[in-house]
Amino acid sequence: MSAKDAHEGAKRRVSTFYIVMTATLTALAFVATFLIQIPVGIGYVNFGDAVVMISSVVLGPLGATVVGAIGPALADIVSGYAVYAPFTMIIKGVEGFVCAVVFKCVFAKRNAYLRAVIAFIVGAAIVVVGYFLADFVLVLVGYMQAEGGVFVSALVAGAATLIGSLVQVAVSVVIALIVAPKLPTLEFLSSGKNR
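Counting from 1 along the sequence shown, just add 38 to a position and that's the residue number in my numbering.
The set of hints was computed from the structure by calculation and includes no laboratory data.
Where hints are given, some of them may not hold.
DEER-style ranges, computed between Cβ atoms [as the list claims (entries may be wrong)]:
(1) Ala-146 to Val-179: 22 to 32 angstroms
(2) Val-190 to Ala-146: 43 to 53 angstroms
(3) Val-116 to Val-175: 20 to 30 angstroms
Using N, Cα and C, we set each Cβ at its ideal position, and we do this for glycine too.
Can you build the whole structure from these sequences, using the hints too?
What follows is the structure in structure tokens.
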């Protein structure tokens with residue numbers, strides 16, 4: 039086998055791995071969001087964020103964005119929280135993208151576990167702030183339609199979801215930190231080296 043054939047075979051393995059892992063992790067993000075729902079305040083706590091964080095390490099920015107945007111948003115639609123689906127698509131897509139960029143690029147020369155901790159904390163902050171803003175906007179729009187506008191009530195409603203969001207992302211960070219180091223990455227598959 040020539041070097042060119044070996045290189046082409048490695049590229050096929052990587053792209054097959056990428057497609058299969060993106061689809062698998064998207065489905066897993068849906069399942070972790072849909073099946074594990076602990077009601078809190080306006081919404082629910084789930085473990086879909088753990089899958090999005092894991093995908094950021096395994097797939098990089100593009101795959102993690104797809105996993106974050108599609109899996110949890112579909113779970114919102116199926117669960118009866120369709121009003122949240124557009125917000126979820128944006129928030130979780132950005133979470134996946136930013137986690138991957140921080141993990142792969144920003145702290146590239148640091149220890150992989152430290153990079154994951156930093157990336158997951160940044161992703162968790164995106165989720166907490168994102169859902170605070172989503173709840174704020176949803177309640178503000180609802181009040182404006184019903185009563186002519188009550189800004190403080192919308193702010194309180196947004197703040198009321200902070201505890202649930204913090205619990206959700208904290209548990210997700212722990213799960214992702216346990217699972218992510220055990221999974222192969224694209225670099226591992228293509229180079230034969232571990233992280």
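Hints, one by one, checked against the model:
{"no.": "1", "hint": "Ala-146 to Val-179: 22 to 32 angstroms", "verdict": "violated (41 angstroms)"}
{"no.": "2", "hint": "Val-190 to Ala-146: 43 to 53 angstroms", "verdict": "holds (44 angstroms)"}
{"no.": "3", "hint": "Val-116 to Val-175: 20 to 30 angstroms", "verdict": "holds (22 angstroms)"}
Against the hints set out earlier in the document, a violation occurs for number 1 only.
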